[in-house]
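Residue numbers (my numbering), protein chains in the order written: chain A, 1 to 482; chain B, 1001 to 1314.
In case anyone wonders, no lab produced these hints; they're calculated from the structure.
Each statement offered as a hint is correct.
Covered by chain A, according to a simulated footprint, are these stretches of chain B (three or more residues, beta-carbon under 8 Å):
| id | region |
| --- | --- |
| 1 | 1087-1096 |
| 2 | 1110-1118 |
| 3 | 1252-1262 |
A few chain B residues that don't get close to chain A, going by computed Cβ distances all over 12 Å:
| id | residue |
| --- | --- |
| 4 | Tyr1061 |
| 5 | Lys1071 |
| 6 | Thr1144 |
| 7 | Glu1196 |
| 8 | Lys1218 |
| 9 | Arg1220 |
| 10 | Leu1272 |
| 11 | Glu1295 |
No experiment lies behind these values; they were computed from the predicted model shown.
All C-beta atoms, glycine included, are put in the ideal place defined by N, C-alpha and C.
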Amino acid sequence: MSIDWKSYDPCPFYDELIAAPGKPRPVARRLTEYLGSLGDQELQVRKQAADHAILEMGISFTVYSEGENIDRAWPFDIVPRVIPKREWEAVQAGLVQRLTALNLFIDDVYNDQRIFRDKVLPKYVLNKARNFREQCRGIKPPHGVWAHICGSDLVRDGDGTLYVLEDNLRVPSGVSYMLENREVTKRVFPEIFENSSILPVDEYPTQLFDMLAAISPRPQDYPEIAVLTPGIFNSAYFEHSFLAQRMGAELVEGADLVVGDDDCVYMRTIEGLERVDVIYRRIDDDFMDPEEFNPDSLLGVPGLMRAWRNGKVGLANAPGSGVADDKVIYAYVPAMIKYYLDQDPIIPNVPTYLCVNEKDRAYVLDHLDELVVKPANESGGYGMLVGPHASKKQRAEFASLVKKDPRNYIAQPTLSLSVAPTLCDESLEPRHLDLRPFVLQGVRTDVTAGGLTRVAMRKGSLVVNSSQGGGSKDTWIVDEED
Amino acid sequence: MLSRVAERVYWLARYIERAENTARMVTSFHLVSLDMPKSVPLTWKNLVAVTGNDAVFDEHYQREDERNCVKFLLADHYNSSSIVSSLKAARENVRTTRDLVPSEAWEVVNELHLFARNNIDSGLGKRGRYQFLSEVVQRCQTLTGLLAGCMSHDPAYDFIRLGRNLERADMASRQIDVGAFRLLKRPEDDSPNPYEGLLWTSILRSQSGFQMYRQHVKRRINGVDVVRFLLQDIPFPRAVAHSLDYVRGAIERLPRNEVPLRLALQTRRHVLGADVDQLVKEERLHAFIDTLQQEIGGVHDAIADTWFALDKAA
Chain A
1 MSIDWKSYDP
11 CPFYDELIAA
21 PGKPRPVARR
31 LTEYLGSLGD
41 QELQVRKQAA
51 DHAILEMGIS
61 FTVYSEGENI
71 DRAWPFDIVP
81 RVIPKREWEA
91 VQAGLVQRLT
101 ALNLFIDDVY
111 NDQRIFRDKV
121 LPKYVLNKAR
131 NFREQCRGIK
141 PPHGVWAHIC
151 GSDLVRDGDG
161 TLYVLEDNLR
171 VPSGVSYMLE
181 NREVTKRVFP
191 EIFENSSILP
201 VDEYPTQLFD
211 MLAAISPRPQ
221 DYPEIAVLTP
231 GIFNSAYFEH
241 SFLAQRMGAE
251 LVEGADLVVG
261 DDDCVYMRTI
271 EGLERVDVIY
281 RRIDDDFMDP
291 EEFNPDSLLG
301 VPGLMRAWRN
311 GKVGLANAPG
321 SGVADDKVIY
331 AYVPAMIKYY
341 LDQDPIIPNV
351 PTYLCVNEKD
361 RAYVLDHLDE
371 LVVKPANESG
381 GYGMLVGPHA
391 SKKQRAEFAS
401 LVKKDPRNYI
411 AQPTLSLSVA
421 PTLCDESLEP
431 RHLDLRPFVL
441 QGVRTDVTAG
451 GLTRVAMRKG
461 SLVVNSSQGG
471 GSKDTWIVDE
481 ED
Chain B
1001 MLSRVAERVY
1011 WLARYIERAE
1021 NTARMVTSFH
1031 LVSLDMPKSV
1041 PLTWKNLVAV
1051 TGNDAVFDEH
1061 YQREDERNCV
1071 KFLLADHYNS
1081 SSIVSSLKAA
1091 RENVRTTRDL
1101 VPSEAWEVVN
1111 ELHLFARNNI
1121 DSGLGKRGRY
1131 QFLSEVVQRC
1141 QTLTGLLAGC
1151 MSHDPAYDFI
1161 RLGRNLERAD
1171 MASRQIDVGA
1181 FRLLKRPEDD
1191 SPNPYEGLLW
1201 TSILRSQSGF
1211 QMYRQHVKRR
1221 INGVDVVRFL
1231 LQDIPFPRAV
1241 AHSLDYVRGA
1251 IERLPRNEVP
1261 LRLALQTRRH
1271 VLGADVDQLV
1281 KEERLHAFID
1291 TLQQEIGGVH
1301 DAIADTWFAL
1311 DKAA
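Based on the sequences and whatever the hints tell you, model everything.
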């Protein structure tokens, strides 16, 4: 038997590939026809081929469970998610606009603080922004860029509108899986690539290298670039190693580096000490430099901040960039875009209620059963309340949390996340998904063609995190005019 | 090249070589056990002795029978030198140096690790053992060939050669020791051991040395010649002297090499200078190999001190 698209019904959700039963979206027509021609058995064969390729290529992620670190095969669904190129161009422009404004904001926060003086943002937000770093005041990194690598999470609501759900300006991960997903798909469905115009994604490592080279304190053709990883037990270790490999950079751990009396950073090599120009650090601010931040950190490099402050090493992302990850500050991004760029935001924010404002708080407390309540400084979906799915008791708990520390909570309407056909057991079923594109900003700004699509594999679930049973899909930006 | 990375590729090579040598050794003993009449007891425990892990074995097992010994050598996690443990360690080392070795090498090591883990049961049984072990040997050789043919012969590769050859020299010398201990010592009544030829052949076979020995030594198999061949034959790639020659070659190409080079040259000189006839006659071979083992350990320590110790690099 083959797939019958007429019996696939995503209702009541917006489906990325299918407009209505039996009616694929124009951009997905070739894909759906092709999948329809395969038949169930052949589809299973392709799925096995993908699973095998993932195992063989060693695409894995690390989960911490039952007191052990386990290296698990990367969860992948073979049915790609498709986005029209025309739509994507607008999204790209929106992401460039957003990151440009965010970098102007971070630079402003650590220098003149104009935006507070002009009362566009209330000053209080800084007081409790957990990732604000006093140590960064007065520093001017090259090109005024702090967050060089940004992974914003986009979601599509029931009416088809894409929203920015959050910006990840600290150490966003996932880009290696975006690249590997494409590799796997090319192995599994080589036929479709022949007669569709699917934009390639593999420029990313080169763009990343060029961006990092551009922040080297010693302009030269071959800067020494290192990827700083917390080590093999980190859940994103695969990615750290992958990116180092693709860029031809050194993959270093804290113990490999030492800051000299001259404030330069050196690697310990078989030849002795060698200077490092740029560090793509995948360690949180807190653990980066025990001299300035958490003194107990064994992962970091003593003196790294000193080296950076004195312009002896480039750091991406710059320490302190995470200040804009605060969800209260997120709510002000549209205002920042207006303030710094005098433009209207191209991609909207999800409407956000700030519990610190009395009016908003009253509304939130009245509508807890409809809203999603999030702490301002968590990521990865921790400590959230999803009102419609929560019990009375949970809602009461959150009501008191919000009242106790209103600055630390925001609320958003529960979005009806879009779905896409996903291979579950025997057949294709709609599953919810999001999208994380990656933006690189240095002298120029580049946006990936697509990004990492994460999909909740369990029916009805909105949890896309791979540590909690989420999967992923290859993401195709397709040029329909071709 | 980072010191930490140098250390990891070095261990990658050592673990792969260890897995291969263990597989070879068990294969040849397995084959010879099939030839032996039932009345001649074969001591599988000798193989455990070769790996130097007798104490760990004794902690876990009471019976020194074939089943326990093979399980210990192939599968047991608490034996850090078992094939499964070695391959797991090799995989961890290559997983943390994937940015340096060709990606096909990662795939080979990863698949080899999965193969060993998933098929270990057939390796433990008599029927599937030969198949399992030869596949392990073959895949280890695939990796060696792949690295030789696809990886730049840069310092990372030198550390791989270093690890491989030092491990090989180490294992070969242990095999000679155990073989010599059992076979060169005449029983009390001075009767010749009728199976001596068979057992020496098995030791040669485990080093793929049987054919080479025939071609180069051209005499009937006898203990002293086999020991001399496995110890001193420079052209034979699994002989101790040959391996130490490669160790020297790799060290020569690395920076800041004075101490390890001096020790490697000294060890090689001792091996080539040994008078095997004399050592056997005076029953000093065991003591000689003991010293050789310590010297090989000394070369390793010098390598670690010079290139891996993070505080020394600063």
